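Colleague: Model the full structure from these sequences, guided by the hints.
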Amino acid sequence: MKRSIPEINASSMADIAFLLLIFFLVTTTMDVDTGILRRLPPPIDPNVPLPPPIKERNVFTVLVNAQNQLLVEGKPGNIYTLREKTKEFLKNPNNDPDLSDKAAKDIDLLGEIFVSKGVISLQNDRGTSYETYIKVQNELAAAVRELRDELSIEKFGKKFLDLNEEKSKAVRTAIPVSISEAEPKNVGGNN
Amino acid sequence: MARFAKTKSKKIPTVSTSSLPDIIFILLFFFMVATTMRETELFVNITVPEATEVQKLEKKSLVSFIYVGPPTKPSIYGTEPRIQLNDSFAKLIDISEFVIREREARNEADRPFITTSLKVDSDTKMGIVTDLKQELRKANALKISYSTRKVADKK
Numbered sequence: 418m419k420r421s422i423p424e425i426n427a428s429s430m431a432d433i434a435f436l437l438l439i440f441f442l443v444t445t446t447m448d449v450d451t452g453i454l455r456r457l458p459p460p461i462d463p464n465v466p467l468p469p470p471i472k473e474r475n476v477f478t479v480l481v482n483a484q485n486q487l488l489v490e491g492k493p494g495n496i497y498t499l500r501e502k503t504k505e506f507l508k509n510p511n512n513d514p515d516l517s518d519k520a521a522k523d524i525d526l527l528g529e530i531f532v533s534k535g536v537i538s539l540q541n542d543r544g545t546s547y548e549t550y551i552k553v554q555n556e557l558a559a560a561v562r563e564l565r566d567e568l569s570i571e572k573f574g575k576k577f578l579d580l581n582e583e584k585s586k587a588v589r590t591a592i593p594v595s596i597s598e599a600e601p602k603n604v605g606g607n608n
Numbered sequence: 018m019a020r021f022a023k024t025k026s027k028k029i030p031t032v033s034t035s036s037l038p039d040i041i042f043i044l045l046f047f048f049m050v051a052t053t054m055r056e057t058e059l060f061v062n063i064t065v066p067e068a069t070e071v072q073k074l075e076k077k078s079l080v081s082f083i084y085v086g087p088p089t090k091p092s093i094y095g096t097e098p099r100i101q102l103n104d105s106f107a108k109l110i111d112i113s114e115f116v117i118r119e120r121e122a123r124n125e126a127d128r129p130f131i132t133t134s135l136k137v138d139s140d141t142k143m144g145i146v147t148d149l150k151q152e153l154r155k156a157n158a159l160k161i162s163y164s165t166r167k168v169a170d171k172k
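Quick mapping for you: the protein sequence lines, in order, are chains A and B.
Take 418 as the starting number for the first sequence in the working numbering and just add one per residue.
Take 18 as the starting number for the second sequence in the working numbering and just add one per residue.
Treat the hints as calculated values from the structure; they're not laboratory data.
As the structure is a computational prediction, the values presented were derived from the model and not from experiment.
Hints should not be assumed to be uniformly reliable.
Unchecked claim - Think about it this way: if two alpha-carbon atoms lie no more than 27 Å apart in a straight line, the pair counts; the simulated DSSO-like pairs of lysine-lysine are:
1. K76/B - K584/A
2. K522/A - K492/A
3. K73/B - K586/A
4. K77/B - K586/A
Unchecked claim - A short, non-exhaustive set of chain A residues, derived as facing chain B with CB atoms under 8 Å:
5. I422
6. N426
7. A431
8. A434
9. D450
10. T451
11. G452
12. R455
13. L457
14. P459
15. V536
16. S538
17. L539
18. D542
19. G544
20. E548
As the list claims (entries may be wrong) - Distance windows between CB atoms, simulated:
21. A126/B - I425/A: 30 to 38 Å
22. F440/A - L109/B: 35 to 43 Å
23. I496/A - L37/B: 33 to 41 Å
24. Q484/A - L79/B: 33 to 41 Å
25. T31/B - P423/A: 19 to 27 Å
26. I496/A - L79/B: 47 to 55 Å
27. R420/A - E125/B: 58 to 66 Å
No residue lacks a Cβ here, since even glycine has one placed at the ideal position from N, Cα and C.
Modeller: Following this line, the structure appears as structure tokens:
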């Protein structure tokens, strides 16, 4: 006796798949996490002597107080001019003795480049709002990015982000990010 | 010519739907692969600040998250910003242990590349963030990322 195998009705398969599909559509979060990448300074080793102090002209001080006001190089500043001021400080086109010092350096692919010795020192109060802090960080990052773009376009005719690994590394050496965040201080004001 | 015209039927041919499940399955697999389910439930309200100079965090598996913000249930936990690690509120002293655990969860070769993403609410004061950063420095978790939303540059 030959038994016929009953055929499974597959028409509801599509519905089942649809249900699963909708479930995954709803639970999906496709957002990519983005952020401003920074490196913290390594912890202070008491046995290692402190590095020699940096010359006054090579430090670009940005202070943010508890009222979210800025003090740039000892003068009250604001967030809108910070980017230009930072660029001017790092670039120092007229060799102003008050702005950052430069040292000639031979870099692969770029030739001899004057690399700024400038360091940006960012200090904030405990009462500063995180939003303002990020805005300042963003402006400083933007200044460095714009300088890198300028150099990349001048040398390679492309924006910094479009460069290949080698060229990008050369530009990064020519314009380093040197943001130092001082040890926390409580510069008055409430927490 | 007339011979051909005669054989043409007037009926509209039905579209075969038997391949529909396959198409849906392909879509399904795409979403299954692309999905990253939220692993931790947030107990704090976080609206991350906006910035223009953002970078993508490339490898999701090498990122550990620290959340800081005002609790979602102010009636129980108050309104002061709190730190959340994994599934619970934490104190500053718990940070170093958290960093060590995160490090041990990854294999040896990946450990130097672990990035700590700070998801901090924009209304938070820097005090707690500074303390957090000092703890991270002590724990030698130096690669950090201030989580921000990307907005277009206004200039």
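Colleague: Please go over all the hints and tell whether each is borne out by the structure.
Modeller: Hints, verified against the model:
With a C-alpha separation of about 23 Å, the suggested pairing of K76/B with K584/A holds against the 27 Å cut-off. Restraint check: the Cα-Cα separation between K522/A and K492/A comes to about 32 Å, which exceeds 27 Å; the hinted pair is violated. With a CA separation close to 18 Å, the supplied pair K73/B and K586/A stays within the 27 Å bound. Only pairs whose Cα atoms come within 27 Å are accepted, and K77/B paired with K586/A is accepted, the gap being roughly 24 Å.
Violation of the interface hint for I422/A is found here, the shortest Cβ-Cβ separation to chain B being roughly 19 Å, above the 8 Å cut-off. Given the 8 Å rule on beta carbons, the hint for N426/A is violated: about 12 Å separates it from the nearest Cβ of chain B. Below 8 Å, beta-carbon pairs count as interface contacts, and A431/A has one with chain B at about 4 Å; its hint therefore holds. A least Cβ separation of about 4 Å between A434/A and chain B falls short of the 8 Å threshold, and the interface hint therefore holds.
For the restraint placing D450/A at the interface with chain B, the shortest Cβ-Cβ distance is roughly 5 Å, inside the 8 Å limit, so the hint holds. Satisfaction of the interface hint for T451/A is found here, the shortest Cβ-Cβ separation to chain B being roughly 4 Å, below the 8 Å cut-off. With a least beta-carbon distance of about 4 Å to chain B, the hint placing G452/A at the interface is held under the 8 Å criterion. Checking R455/A against chain B: minimum C-beta separation of about 6 Å stays under 8 Å; hint holds.
Against a cut-off of 8 Å between C-beta atoms, the interface hint on L457/A holds, since the closest Cβ of chain B lies about 4 Å away. Taken as an interface hint, P459/A checks out: its beta carbon lies about 6 Å from the nearest beta carbon of chain B, inside 8 Å. Of the supplied interface hints, the one on V536/A is violated, with its beta-carbon coming no nearer than about 18 Å to a beta-carbon of chain B, more than 8 Å. For S538/A, the shortest C-beta to C-beta distance to chain B is roughly 15 Å, which exceeds 8 Å, and the interface hint is violated.
Interface hint status for L539/A: violated, as the beta-carbon distance to the closest one in chain B is roughly 11 Å, over 8 Å. Given the 8 Å rule on beta carbons, the hint for D542/A holds: about 7 Å separates it from the nearest Cβ of chain B. Hint status for G544/A: holds, given a least beta-carbon distance of 6 Å to chain B, under 8 Å. The criterion of a C-beta within 8 Å of any C-beta in chain B is met by E548/A, whose closest approach is roughly 4 Å, and the hint holds.
At roughly 48 Å, the beta carbons of A126/B and I425/A sit outside the given window of 30 to 38 Å. Under the hint 35 to 43 Å, the C-beta atoms of F440/A and L109/B, about 39 Å apart, fit the expected range. The supplied range of 33 to 41 Å is broken by I496/A and L37/B, whose beta-carbon atoms lie about 55 Å from each other. Separated by about 38 Å at the C-beta atoms, Q484/A and L79/B satisfy the suggested range of 33 to 41 Å.
Here the CB-CB span from T31/B to P423/A is close to 25 Å, well matched to the stated 19 to 27 Å. Remark: the range hint 47 to 55 Å for I496/A to L79/B is contradicted by a beta-carbon distance near 32 Å. Between R420/A and E125/B the C-beta distance comes to about 60 Å, which sits within the given range of 58 to 66 Å.
When held up to the earlier numbered hints, the structure conflicts with 2, 5, 6, 15, 16, 17, 21, 23, 26 and fits the remainder.
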